[in-house]
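Colleague: These are the residues of each chain, in order.
Protein chains: 2
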Amino acid sequence: MEYFKNRKTIRNYSAEHISDLEIDEMLAAAAHAPTCGGMQLYNVIVTRSEEGKSALAPAHFNQPCLAGASAVLTFCADFNRVSRWARERGAEPGFDNLQSFISAMLDATILAQQFVTIAEMRGYGTCYLGTTTWNAPQIIEALGLPELVIPVITVTLGVPTGHLVDIQPRLPLDAIRSREKYEPVNIDSAYSELESREDSRRFMKENRKDSLAAVFTDVRYPKAGNEHFSEILMTVLHQQGFLK
Amino acid sequence: MEYFKNRKTIRNYSAEHISDLEIDEMLAAAAHAPTCGGMQLYNVIVTRSEEGKSALAPAHFNQPCLAGASAVLTFCADFNRVSRWARERGAEPGFDNLQSFISAMLDATILAQQFVTIAEMRGYGTCYLGTTTWNAPQIIEALGLPELVIPVITVTLGVPTGHLVDIQPRLPLDAIRSREKYEPVNIDSAYSELESREDSRRFMKENRKDSLAAVFTDVRYPKAGNEHFSEILMTVLHQQGFLK
Numbered sequence: 001m002e003y004f005k006n007r008k009t010i011r012n013y014s015a016e017h018i019s020d021l022e023i024d025e026m027l028a029a030a031a032h033a034p035t036c037g038g039m040q041l042y043n044v045i046v047t048r049s050e051e052g053k054s055a056l057a058p059a060h061f062n063q064p065c066l067a068g069a070s071a072v073l074t075f076c077a078d079f080n081r082v083s084r085w086a087r088e089r090g091a092e093p094g095f096d097n098l099q100s101f102i103s104a105m106l107d108a109t110i111l112a113q114q115f116v117t118i119a120e121m122r123g124y125g126t127c128y129l130g131t132t133t134w135n136a137p138q139i140i141e142a143l144g145l146p147e148l149v150i151p152v153i154t155v156t157l158g159v160p161t162g163h164l165v166d167i168q169p170r171l172p173l174d175a176i177r178s179r180e181k182y183e184p185v186n187i188d189s190a191y192s193e194l195e196s197r198e199d200s201r202r203f204m205k206e207n208r209k210d211s212l213a214a215v216f217t218d219v220r221y222p223k224a225g226n227e228h229f230s231e232i233l234m235t236v237l238h239q240q241g242f243l244k
Numbered sequence: 001m002e003y004f005k006n007r008k009t010i011r012n013y014s015a016e017h018i019s020d021l022e023i024d025e026m027l028a029a030a031a032h033a034p035t036c037g038g039m040q041l042y043n044v045i046v047t048r049s050e051e052g053k054s055a056l057a058p059a060h061f062n063q064p065c066l067a068g069a070s071a072v073l074t075f076c077a078d079f080n081r082v083s084r085w086a087r088e089r090g091a092e093p094g095f096d097n098l099q100s101f102i103s104a105m106l107d108a109t110i111l112a113q114q115f116v117t118i119a120e121m122r123g124y125g126t127c128y129l130g131t132t133t134w135n136a137p138q139i140i141e142a143l144g145l146p147e148l149v150i151p152v153i154t155v156t157l158g159v160p161t162g163h164l165v166d167i168q169p170r171l172p173l174d175a176i177r178s179r180e181k182y183e184p185v186n187i188d189s190a191y192s193e194l195e196s197r198e199d200s201r202r203f204m205k206e207n208r209k210d211s212l213a214a215v216f217t218d219v220r221y222p223k224a225g226n227e228h229f230s231e232i233l234m235t236v237l238h239q240q241g242f243l244k
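Protein sequence lines correspond, in order, to chains U and X. Residues 1 to 244 (this note's numbering) make up the first sequence, in order. Residues 1 to 244 (this note's numbering) make up the second sequence, in order.
For the record, the hints were derived by calculation from the structure and aren't laboratory data. Mixed in with the good hints, there may be bad ones.
What the hints assert, rightly or not - Calculated cross-link-like contacts (lysine to aspartate or glutamate; reagent style EDC-like; alpha-carbon spacing at most 16 Å): (1) Lys223/X / Glu51/U; (2) Lys181/X / Glu195/X; (3) Lys209/U / Glu88/X; (4) Lys223/U / Asp24/X; (5) Lys5/X / Glu180/U; (6) Lys8/U / Glu88/U; (7) Lys181/U / Glu183/X; (8) Lys244/X / Glu195/U; (9) Lys209/U / Glu227/U; (10) Lys244/U / Glu198/X; (11) Lys8/X / Glu22/X; (12) Lys244/X / Asp96/X; (13) Lys209/X / Asp24/U; (14) Lys181/U / Glu50/X; (15) Lys244/U / Glu147/U; (16) Lys181/X / Glu141/U; (17) Lys205/U / Asp188/U; (18) Lys223/U / Glu227/X; (19) Lys53/X / Glu50/U; (20) Lys244/X / Glu231/U; (21) Lys5/U / Asp96/X; (22) Lys209/X / Glu180/U; (23) Lys5/U / Glu22/X; (24) Lys209/X / Glu227/X; (25) Lys209/U / Glu50/X; (26) Lys223/X / Glu183/U; (27) Lys181/X / Glu50/U; (28) Lys181/X / Glu227/U; (29) Lys181/X / Glu180/U; (30) Lys181/U / Asp199/X.
As the structure is a computational prediction, the values presented were derived from the model and not from experiment.
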């Protein structure tokens, strides 16, 4: 339990190498995580070469944790393999639709989180790159992803430098848990502690915003950007064959 | 590591009660899982009452693990709370789009998986209900989910009966992991072991299919059903405000 309460995302890694064998061992264990109908609707592309990392870097806005990682793992929703399996056995697959993408995305995300937990419990550092669906076209190109395969989340993996990292703050449980029916929370009770933290105030100052919320709406996740990347993702869903 | 390799989905629960306090404790620990920009884009609705479970049951095709569970947890993608936070602070949220739904869905799924791991490590049994996005409209109605909230995955939780459950088979690692570029796997090497298992053969016989793949394409996840539930989900995305 202590691990779960004290875990932290780690973005700085030492030059120490993690072996292919160990990554495979962790992935194989993670693959025992729950999966839709036992179908394992995912493929994980492990990038270790400098060339491969450089090809992925722009899609992740050149975040330094990517270049410094021992490995970069791109978790993809994959209905390609199951569809090929069906065809090779004379069955007709029907997975070129939104609901199938959602099932595969759930599978890939569950696998990613299981991998992250295993790696962190071994003392490794990981960081999710949420930029994966934003710049899916570049990742599809860099990794050669075929029809019915879409990258959904990326994990960087490395040995922590030992650089001090604080536990990230979380909202009170009442803000994220309802009983029996959805309970709209009181915003002040949910956010006052977070807003009064010194690092939140510094964050506001650095971004020249007079509320913490405005840093998220205006600077980090502005409407125009969200809409731009939503259009791209809708195109990707079409092009990769999930909106036939 | 042993836990991860030997974990099993548990669908049969004893009548033993798990306290609200303990569920809250596990959820609070799980909430330290990674989350998009620290925003915690989720709400978990915990259903304990018989009335609440009965309202959810049809949406999950009356699967027995639901009625028998000590608690049913519906993990929802939630941009409602963050949007209200922004408005109450005079900022303008821009999260009524596909990419925001995807971010919230990733967050909710990562939280669900962390909760499952914590609960299983304590010896509890859990089962995912992938029917959640299929019958989202009924769940939205039953739980009173507002705009920008969509249920993405459900977990049933209970004390295992001790009923013997086998570890579910998994494909060889080469079938789900690629190095540097996407590697299309050889279907025979990926599936021959699974196909030759006795339970797979029984599964084919019970479903009167001459291949295991056909059980998935024709019986469990037929094209017409996938397309029907995809249309429903697209409508839900519109109605809940994620495709403005």
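Colleague: Which of the listed hints are not met by the structure?
Modeller: Those not satisfied are hints 1, 2, 4, 5, 6, 7, 8, 9, 10, 11, 13, 17, 18, 19, 21, 22, 24, 25, 26, 28, 29, 30.
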